[in-house]
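Residue numbers (my numbering), protein chains in the order written: chain B, 1 to 598; chain L, 1001 to 1162.
You may find that some hints are simply not true.
No more than 27 angstroms apart at the CA atoms, straight line, and that leaves these computed lysine-lysine pairs for DSS-like [said to hold, decoys possible]:
#, chain 1, residue 1, chain 2, residue 2
1, B, Lys263, L, Lys1153
2, L, Lys1105, B, Lys246
3, B, Lys488, B, Lys528
4, B, Lys246, L, Lys1153
5, L, Lys1078, B, Lys246
6, B, Lys497, B, Lys475
7, B, Lys530, B, Lys475
8, L, Lys1153, B, Lys582
9, L, Lys1105, B, Lys582
10, B, Lys391, L, Lys1148
11, L, Lys1148, B, Lys246
12, L, Lys1036, B, Lys256
13, L, Lys1076, L, Lys1158
14, L, Lys1024, B, Lys263
15, B, Lys582, B, Lys475
16, L, Lys1158, L, Lys1078
17, B, Lys421, B, Lys115
18, L, Lys1024, B, Lys312
Source of the hints: derived by calculation from the structure; they are not laboratory data.
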Amino acid sequence: MKLYRSHVLVCGGTGCHSSGSAGIMDAFQAELKKHKLEDEIKLVGTGCFGLCAVGPVVVVYPEGAFYSGIKAEDVPRIVEEHLLKGRIVNDLLYHDHAKAEDIVSTLDEVEFYKKQKRMALRNCGVINPEKIEEYIAFDGYKALAKVLTEMTPMDVINEIKASGLRGRGGAGFPTGLKWEFARKAPGDKKYVCCNADEGDPGAFMDRSLLEGDPHSILEAMAIAGYAIGSDQGYIYVRAEYPIAVKRLSIAIEQAKELGLLGKNIFGTDFSFDIELRLGAGAFVCGEETALMRSIEGKRGEPTPRPPFPAVKGVFAKPTLLNNVETYANIPQIILNGAEWFAQVGTEKSKGTKVFALGGKINNTGLVEVPMGTTLREIIYDIGGGIPNGKKFKAAQTGGPSGGCIPAEHLDTPIDYDSLAKIGSMMGSGGLIVMDEDNCMVDIARFFLDFTVDESCGKCPPCRIGTKRMLELLDKITSGNGEEGDIEKLEELGNNIKAAALCGLGQTAPNPVLSTIMYFRDEYEAHIKEKRCPAGVCRNLLRYVISSDLCRGCGLCTKVCPVSAISGERKAPHSIDPDKCIKCGACAEKCPFHAITKG
Amino acid sequence: MSRFILAEHEEKLAELNRIIDEYKGKEGPLMPILTKAQELFGYLPYEVQAHIAEALDIPVSDIYGVATFYSQFSVKPKGKYKIGVCMGTACYVKGSQLILNELIKELGVQPGDTTEDGRFTLEATRCLGACGLAPVMMINEDVYGRLKPEDVKGILDKYRDK
Ligand SMILES: Cc1cc2nc3c(=O)[nH]c(=O)nc-3n(C[C@H](O)[C@H](O)[C@H](O)COP(=O)(O)O)c2cc1C
Ligand code: SF4
Ligand code: SF4
Ligand code: SF4
Ligand code: FES
Ligand code: FES
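Work the whole structure out from these sequences, hints included.
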């Protein structure tokens, strides 16, 4: 391989792409050409670095200089100063929230990365995902070679079992055991499937993996094929992920060209092919039986289990289904051994977990931490805390199937079992932070609105029950809640959990039940006092003028579109609640902050 | 909106037939064919569904059932510009409902509908993968992040006379 004196890594993940990284790539290309540096400096378009909030992100090695918020106009300076003269451009470097203003950081000093452990994401932001050579240079396809030449299928399964790896798609089922079931199921034809449907509406871990390191998924699926005795894989990926689909297609092409997929891989008699299947926007298709119906080209409706997919899956053949992140861990386990993997994590949850950190948090982005890290560490040390000095209220994990975790549980070490114990779940890795300005009843309504929309309608407890719950929540948030509504929600929720056919219905009540458990007072305020403490539910909003703070300047009367404010000059003003349309214009204008909502 | 006549789209029809031939022999051909057909025509008119049904020798009702199950497929024509407002959790907690409300007001249509002049289709979508920029919306391929309700009008204006 050719030697370069510097590497310039430009993030091409979805976050940075959206904030304009393609233009930066072009600008670097042009500048490097202009200065005839193309042979000395290598330009690499990579996957997500994780700190999407400060994108577009550019990293220059060997120094590890971490440039953030770069614009195309900044590129000539980086090339002329840093690459030509060797002077890091300080004012373009990333500034740590946690540190004093004038301290700038290189990549390994940034607080955001310090407590992270990048195992699944090891290649994201490191290699160019559209070049198989780069994956190979980082030990790519070495695990597949090892498996095919040195291990029996049972060796592979035992190694995975010993590692303690559990499914990252939500339920946490032991992966090795699943592989063993699929191996032992009788059948001449078997399938290996990858669940890349990523249904959690606020999460993008799998997407980033597919965009940043697609070959690791292909390699792992081939290993799984060898272990269970299958020659055909399907990746079920959301059509809404165009960059991921493109990079996967390129990766499959390249792997076939080099004979790493296809017939007689590494000259053995093992053959394995992978096809992409595009999901078409139905949350329920992330559920395993529905996903398999969808691959077959049918409506994605779940079917009762048993029979389990390991016995009767796609096209009625034994099928193994794992999540993207589950697969991403496989090659490393094979290369470094089960023990290496099992060193990380807690007693029953080994390895790391990737979270998509979002909402009211300074460092939104992708983080990977050892199992057992506490929520507090993730939110404050890695995430940089809550913006604008606001107070933390809750963290939501597990998406529409999960629950809200209040401040009192911030020190819970996160793993599958501890999260279940406090009424939430690991889920696939969405982690949304909420502050004092978020209304928990409204959040519960948001998730239920989502599940009602996505329910496939096949079984009545889910189809009718979730709709009834949503009606109750609508009633409460619109100010018509009655005594007894909370109890009705609890009863309905528990019934649906017990009676629904598939995981969607069985978990749909969780966001409601967990918010009732921890934030019952907020529900009560809506019902009894007709008040939304966070000031979110519009029908319950009231703008009031504090007579202590109001100086009677009259500014607010000028901006009110419906003339709801009256008062004598220099005397406290007041708002007529019957006229007020809650536009908030007055509160924004008042120079003395005398108007508040509540 | 005038009726859709398949024979008037000769090139697209030829491409569709090529795709049908490619997938026909494979297992589970319907989803990939519908995905490509939607790419070609922008939506799935009844005539296209009927054509695929005939080629695959399955009832049209099966195709209609699949086409209406998945939100990516549309049996109604879409506007020139598709506006997707992210209603993913990260964007929702950061106020994407207010952005959607503003768009509903500006365009005079509800999510899922198209403006009368056929210019804009408004949609509420899920996570666009750019949560770092929340709240986010997309107009065709263009992404707009860190939005405030008052930004909406100016952004729409850029597409109004294009
Ligand atoms: C409604 C519903 C949606 C789901 N969505 C996903 C998803 O988007 N991605 C995923 O990997 N698993 C999802 N699952 C879990 C899958 O059914 C399955 O358990 C998982 O893909 C198995 O892989 P794992 O063992 O590697 O986790 C979903 C389950 C349910 C009930
Ligand atoms: S629980 Fe809901 S999504 Fe699952 S099968 Fe029943 S209706 Fe469909
Ligand atoms: S919130 Fe709007 S309508 Fe109500 S008093 Fe203030 S300016 Fe007037
Ligand atoms: S703008 Fe503020 S200070 Fe002035 S009259 Fe209104 S409430 Fe009072
Ligand atoms: S997309 Fe660039 S850092 Fe996440
Ligand atoms: S939730 Fe809106 S981009 Fe992720």
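Hint check results:
1. B:Lys263 x L:Lys1153: violated (56 angstroms)
2. L:Lys1105 x B:Lys246: Cα-Cα ~36 angstroms, so violated.
3. B:Lys488 x B:Lys528: Given that 27 angstroms is the threshold and the Cα spacing comes to 16 angstroms, the pair holds.
4. B:Lys246 x L:Lys1153: The given pair, whose Cα atoms are some 33 angstroms apart, is violated under the 27 angstroms limit.
5. L:Lys1078 x B:Lys246: Satisfied, since the Cα-Cα distance of roughly 24 angstroms is no more than 27 angstroms.
6. B:Lys497 x B:Lys475: The given pair, whose Cα atoms are some 22 angstroms apart, holds under the 27 angstroms limit.
7. B:Lys530 x B:Lys475: holds (11 angstroms)
8. L:Lys1153 x B:Lys582: This hinted pair holds, its Cα atoms lying about 21 angstroms apart.
9. L:Lys1105 x B:Lys582: holds (16 angstroms)
10. B:Lys391 x L:Lys1148: holds (22 angstroms)
11. L:Lys1148 x B:Lys246: Distance of about 32 angstroms is beyond 27 angstroms: violated.
12. L:Lys1036 x B:Lys256: Within the cut-off at roughly 23 angstroms; holds.
13. L:Lys1076 x L:Lys1158: holds (25 angstroms)
14. L:Lys1024 x B:Lys263: Given pair lysine 1024 (chain L), lysine 263 (chain B) holds - Cα atoms ~23 angstroms apart, limit 27 angstroms.
15. B:Lys582 x B:Lys475: Measuring from Cα to Cα gives roughly 19 angstroms; hence the hint holds.
16. L:Lys1158 x L:Lys1078: Judged against 27 angstroms, a Cα distance of about 19 angstroms means the pair holds.
17. B:Lys421 x B:Lys115: holds (25 angstroms)
18. L:Lys1024 x B:Lys312: Holds, at roughly 24 angstroms.
Hint check: violations occur at hints 1, 2, 4 and 11; the rest are consistent with the structure.
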